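**Student:** First to last, the sequence lines map onto chains D and U.
Residue 1 is where the first sequence starts when you use my numbering, and the numbers rise one by one after that.
Residue 486 is where the second sequence starts when you use my numbering, and the numbers rise one by one after that.
Keep in mind the hints are simulated off the structure, nothing from the lab.
One thing to keep in mind: the hints can contain errors.
[Said to hold, decoys possible] Dumping the calculated EDC-like pairs for lysine to aspartate or glutamate here, alpha-carbon to alpha-carbon at most 20 angstroms: (1) K668/U x D106/D; (2) K470/D x D452/D; (3) K668/U x D107/D; (4) K423/D x E813/U; (5) K847/U x D452/D; (6) K119/D x E836/U; (7) K832/U x E101/D; (8) K34/D x D850/U; (9) K847/U x D106/D.
[To be verified] Coverage of chain D stretches by chain U, computed from C-beta distances (three or more under 8 angstroms per stretch; other residues unrestricted): (10) 81-91; (11) 471-480.
[What the hints assert, rightly or not] Quick list of the computed label-pair ranges, beta carbon to beta carbon: (12) A243/D x K729/U: 32 to 38 angstroms; (13) S737/U x K239/D: 39 to 45 angstroms; (14) S100/D x D532/U: 47 to 53 angstroms; (15) S100/D x K729/U: 45 to 51 angstroms.
Given the structure is predicted, the values throughout are model-derived calculations rather than measurements.
A virtual CB, placed ideally from N, CA and C, is assigned to each residue, including glycine.
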Amino acid sequence: MKKAVLSKIAAISAVLTIMLAAEAAEPDWLVTAKTMAEDGEQTRIGRSDETGGYVIAIAKIGETGDEAEMLNAARIAAKRLVAGIVGGENVEVAEHFSASESANGDDAATSETYSQSVKVNVDAILKGAMTIGTVNADDSCYTVLLATQKNADASVAMDSAVGDNPNVVKVVGFAPISGGDIATAQRMASESAKSQAIEQVLGTAVAAADTSMNDKASAKVFASAAGFIKQFRVIQEGKVGDATYRVEVVIEVAKDELLKSYKAALEALGDVRFHVECGNTFIREKVIEAFSEWGCNVTEDREYAQYLIACHGSFQGVTHPANGSDGTRCVLSIRIVDRATGREMLTAQNDTRKSVAFTGDETRRRRLSAEKAMKEIHGTIHGKLDEMVRGMVASGRDARLEFDNYSEAYAASLDAIAAALDKIPGCEAPKTKADAERGVATIVFRCKTDMDTVRKYLNDVIDTAGVAFKPHQIGFDANSVSFTW
Amino acid sequence: MNYPRTLLAAVVAATTFCAAYAQEATPEDVVATEAAVESKSVHDMVDEYLNAKGYSEGENTKGGKPFYVAVGYGVIQAPLENRSYIDSRVNAYNKAMLDAKAKMAEYLEVAIRTETEHDYAEGNFGGNEEAEADSLSITSKIKSLINAKLDKALREEGLDPDKAEREARERIAKKQLNSDFYKKVISTAAKAEITGMQVMCAFEGVPAGGKGQIGVVAIWSPKLQAMAQSISRGTRLPSGVGKKPVKEQIPSDNKVLLSTFGVQQKIDENGDLVLVAFGQAGAVTDSPQSANAARNKAKMQAMAAIREFAGESVAVTSDAVNAENVEEFENAAEEYEDVSAYSQKIKAAAEKMNITGIATIKNWDCKHPLAARTVYGAICTWSPKQAINAKDMSNAMNGAGTPQPQPVVNTTDGIQNRGADGDEDAF
Chain D
1 MKKAVLSKIA
11 AISAVLTIML
21 AAEAAEPDWL
31 VTAKTMAEDG
41 EQTRIGRSDE
51 TGGYVIAIAK
61 IGETGDEAEM
71 LNAARIAAKR
81 LVAGIVGGEN
91 VEVAEHFSAS
101 ESANGDDAAT
111 SETYSQSVKV
121 NVDAILKGAM
131 TIGTVNADDS
141 CYTVLLATQK
151 NADASVAMDS
161 AVGDNPNVVK
171 VVGFAPISGG
181 DIATAQRMAS
191 ESAKSQAIEQ
201 VLGTAVAAAD
211 TSMNDKASAK
221 VFASAAGFIK
231 QFRVIQEGKV
241 GDATYRVEVV
251 IEVAKDELLK
261 SYKAALEALG
271 DVRFHVECGN
281 TFIREKVIEA
291 FSEWGCNVTE
301 DREYAQYLIA
311 CHGSFQGVTH
321 PANGSDGTRC
331 VLSIRIVDRA
341 TGREMLTAQN
351 DTRKSVAFTG
361 DETRRRRLSA
371 EKAMKEIHGT
381 IHGKLDEMVR
391 GMVASGRDAR
401 LEFDNYSEAY
411 AASLDAIAAA
421 LDKIPGCEAP
431 KTKADAERGV
441 ATIVFRCKTD
451 MDTVRKYLND
461 VIDTAGVAFK
471 PHQIGFDANS
481 VSFTW
Chain U
486 MNYPRTLLAA
496 VVAATTFCAA
506 YAQEATPEDV
516 VATEAAVESK
526 SVHDMVDEYL
536 NAKGYSEGEN
546 TKGGKPFYVA
556 VGYGVIQAPL
566 ENRSYIDSRV
576 NAYNKAMLDA
586 KAKMAEYLEV
596 AIRTETEHDY
606 AEGNFGGNEE
616 AEADSLSITS
626 KIKSLINAKL
636 DKALREEGLD
646 PDKAEREARE
656 RIAKKQLNSD
666 FYKKVISTAA
676 KAEITGMQVM
686 CAFEGVPAGG
696 KGQIGVVAIW
706 SPKLQAMAQS
716 ISRGTRLPSG
726 VGKKPVKEQI
736 PSDNKVLLST
746 FGVQQKIDEN
756 GDLVLVAFGQ
766 AGAVTDSPQS
776 ANAARNKAKM
786 QAMAAIREFA
796 GESVAVTSDA
806 VNAENVEEFE
816 NAAEEYEDVS
826 AYSQKIKAAA
836 EKMNITGIAT
846 IKNWDCKHPL
856 AARTVYGAIC
866 TWSPKQAINA
876 KDMSNAMNGA
886 GTPQPQPVVN
896 TTDGIQNRGA
906 DGDEDAF
């Protein structure tokens, strides 16, 4: 089996060769990273003939708490640094200074006030950024993240090449060895490799918001990777020096498989569920079958679904132009709408000419015609669904905070929550809608992360955002969090 | 206790004085050789620096090309013992820079309003009861009615209710010979978009037992302006003669870095212009989380400096009132009263700007010699080349391919990087 996997590696396209070439230069990168760590340098931007533009970022691995969490936190911190360089640091500064003095006879007084507010936001999608190892300097351990132009090109090429070759990603995972615990380091290195394999194909969404107002500072970083691991083989592993464990693995993440299955991507957004509505039982079954194959969670209960797949199928009689026999054609349209907002996510209609059936009686012809229609629309729907899911991962989707027991007394608190929500990485453009008569209020916003993350951040933010009347959280699903006052 | 503190202050002042010069030469060497210089005020240090350079506040020329020098000062308001002392130093630098920018804004265009009043009077012109009567409000009319009823009641009892007031008025009228009142109001307002202003050098001085100050000598030139526009427009700038790598131009002594703030333009080994931004912050507590937050704040200060260099709107308004009143009396007595007030408000705002390619080339920390608190520092760089590399990568990640290079912009002043002094070549 290992041989088979290796033969696949030999056969993969030039994009993977580029990635391997980057790995071949790995020792130099680590030497560079070690120098950086010793000099207190966090990020370096440069250009080389081998890789094109590159960014190296190092982030200190914490020393207390769960090791896997510390390593992950350092990786996220390093990604935030790279994202800031590549996607840009959105910087806003405001300063106010006033000074006054007055004298009246023997009485004199002076006063001075100064305030400064600095806000920095980062929002980027990283592709081809790899953790290449860990380095030690000044009694601290740093994780090293490398992003190169060629790796990014390779990642994009892999991403866009659908279905040509079965795809395999070769990655190297590193983890620090702490207290001689090889087993833990091995597990952490393997997990790190898996994450990287996913990230190299789908990318990592990185959002960060830092604010500083005089001596108050807050920072939130969110990074998520969505993906799908099919097979995992270790090619080589072992200690690198005394402090690092290295695992070189081949992860079978076939490009076409990955693109076909949105399971992992949708899971990363939370438990996203679809419900199919269709008057024709046969068509309904076929649609459910197709969406389930693509990794969508299809539910029978409309109330638990975030998205409705509305199918409309009808049959029309036709006459064969040559022999005059009776035929049937199927007119099939499929729409996906956000159940809460009614927003149309995608729409597709079949080419009815390709669904005509002339064989058998009316029942058989309808069945054949529906099958042809589904087969014909399958590719279109898949393409549009691909676009929709990628859009949800990359640029966000509509999400809501819903409040009941609302009254006008809570209006200021609702606004404060909306303002706080805007500061959560991955959440933007909140719009409030309140109906005091019905006792309900909603904040609709664009969301790039899963709702579990949002609600956790929200709890922190509500505590610190000066919300006079704090609502209680009573539930959440993939696209909404419910509160009550 | 006083003596060591004085000595320490002298060393700090000397260190920082040298640090300022050090930005242009090799700072460490200067610190080592001039550490015995006695304590000077920040104003003295700035004056000496300007004299040594042959610069003056306002417009200057170098090789026939104009540049503008502005000086600003900010007071470190927090006491040495306060936990926010380090951040207060940063605030003092920011205030000093604001002061310098405000001066630049006023140099570009300022609206000035003055109002002068001089009243001289001899003798007494009597009361102005009629005018008072005209201005009676309903409330005062009610009061007057009540008073009138009370006065009437007093008169019925044989008492004169106006006696005391009349006597006082007569006494004053009799004694006062003349009065001289003078008042002058000056108001100024200026608003300008300041782009491409960098710190030429910063000075920090903390006198024994007194409040410290930070002074900055800021500079603007067409070349700096071109660099600032490069941040917002993504234009490339021509290369000149290379120097040492930027990392080697940065002082390695943390004590020198202590008094280094803001943005400085330097020339790297390839002859490309690079902005180097220095940020500092203090930790609120001694915890590792607080230290991390301080490092982050320091980096934000550095990024804010780059953002401000790219251009910000600065508005400054100042009002000053000076008034005095002298009254002479019969017995040769004289009463003098003065009233004066001054206020200045400066607002600076740099709206959101997405800047790609900012790298953090150094994080440092050290104990402040006086406050015994840790100062966390971050040094960031930005250059058109870094931005292009970052953009290329961003495009690669988005599948847009490598973009066509931007045309090189020839600035009107050109770049002749042949001088011996690194920083002077860079502006």
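**Student:** Name the hints, by number, that the structure is in violation of.
**Tutor:** 4, 5, 9, 11, 13, 14
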